[in-house]
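Asks: Kindly produce the complete structure, drawing on both the sequences and the hints.
Every number in this note's numbering is 11 more than the matching position in the sequence shown, counting from 1.
Zero decoy hints are in this set.
Simulated crosslink set (DSS-like; lysine-lysine; CA at most 25 Å straight-line):
no., residue 1, residue 2
1, Lys60, Lys48
2, Lys141, Lys48
3, Lys60, Lys141
For the record, the hints were derived by calculation from the structure and aren't laboratory data.
Just so we're clear, the structure is a prediction, and the values are computed from it rather than from any experiment.
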Amino acid sequence: MDSELVAVLRCPVCSDALALTGQTARCAQGHAYDLAKQGYLNLLPSASKGIEGDSAGMIGARTVFLGAGHYAPIRDALILRAAEYLQPDSNELVVEVGAGTGYYLVGVAGRSRRGLALDVSRYAARRAAKVDPLIGSVVCDAWRELPVVDGAAQVVLNVFAPRNAAEMGRILAPGGVLLVVTPNPQHLAELVGVLGMVSVDDDKERRLQDTLGGTFVETGRELIEEPMRLDRAAVEQLVLMTPSARHIPPYELADRIAVLPEPALVTLSVTLTTWQLH
Numbered sequence: 012m013d014s015e016l017v018a019v020l021r022c023p024v025c026s027d028a029l030a031l032t033g034q035t036a037r038c039a040q041g042h043a044y045d046l047a048k049q050g051y052l053n054l055l056p057s058a059s060k061g062i063e064g065d066s067a068g069m070i071g072a073r074t075v076f077l078g079a080g081h082y083a084p085i086r087d088a089l090i091l092r093a094a095e096y097l098q099p100d101s102n103e104l105v106v107e108v109g110a111g112t113g114y115y116l117v118g119v120a121g122r123s124r125r126g127l128a129l130d131v132s133r134y135a136a137r138r139a140a141k142v143d144p145l146i147g148s149v150v151c152d153a154w155r156e157l158p159v160v161d162g163a164a165q166v167v168l169n170v171f172a173p174r175n176a177a178e179m180g181r182i183l184a185p186g187g188v189l190l191v192v193t194p195n196p197q198h199l200a201e202l203v204g205v206l207g208m209v210s211v212d213d214d215k216e217r218r219l220q221d222t223l224g225g226t227f228v229e230t231g232r233e234l235i236e237e238p239m240r241l242d243r244a245a246v247e248q249l250v251l252m253t254p255s256a257r258h259i260p261p262y263e264l265a266d267r268i269a270v271l272p273e274p275a276l277v278t279l280s281v282t283l284t285t286w287q288l289h
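Replies: Spelled out as structure tokens, the structure:
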């Protein structure tokens, strides 16, 4: 991670700005954080130690599934929407909260912009640190204060991830935009019952409005819905990259996948909403 990216970070203990000296990020109060050998910075506050993020297996499955392009319509929609708020060939900062592998972030940031991948999983952080030299990767807790200075981000991304409205609003620059992707009830409907996957809460839309409405105003909405043709290996990767992986024993998952047609037609159905500060 380079010094310019560290300069938009702040200390999780005292909230002072950080600066990079060698391989260590320090604040004026003397708190220091060493870059991991994989290139990411761990700024997880002590109160969040031990919380469970995505496992190495989940991140590996996500890397394979996303790399095959099955969720490319989501990334393409994010790129187009973000372009409305980004200056061409600028170095404006893009931040993704709950970034996982950095798949969506690197698409939106493109070749010229800096990006910050924030995730509680150190396995996600390791992966995101490798995707592009302009992307910085940070381990942090999305439910607590984000380790980013006020007003640093022109675009904040939130794709299937926790939403801390106050903190996302704090790090957003004036005129910036928050882009949120949430699943619809139809999302992966062909698999949910057969495989025992976690289903989408019917009350998700109301909770989204309740969570963000006090800080942001919704300024746009887009349905992204397409059929996906998935072979059984892709279906397995899809399940293993989600929280459903924690609830289905491997032998049982294999038996359930075996009854699916190959390829299986599976619905991709999400909503991309655009939010700006009140």
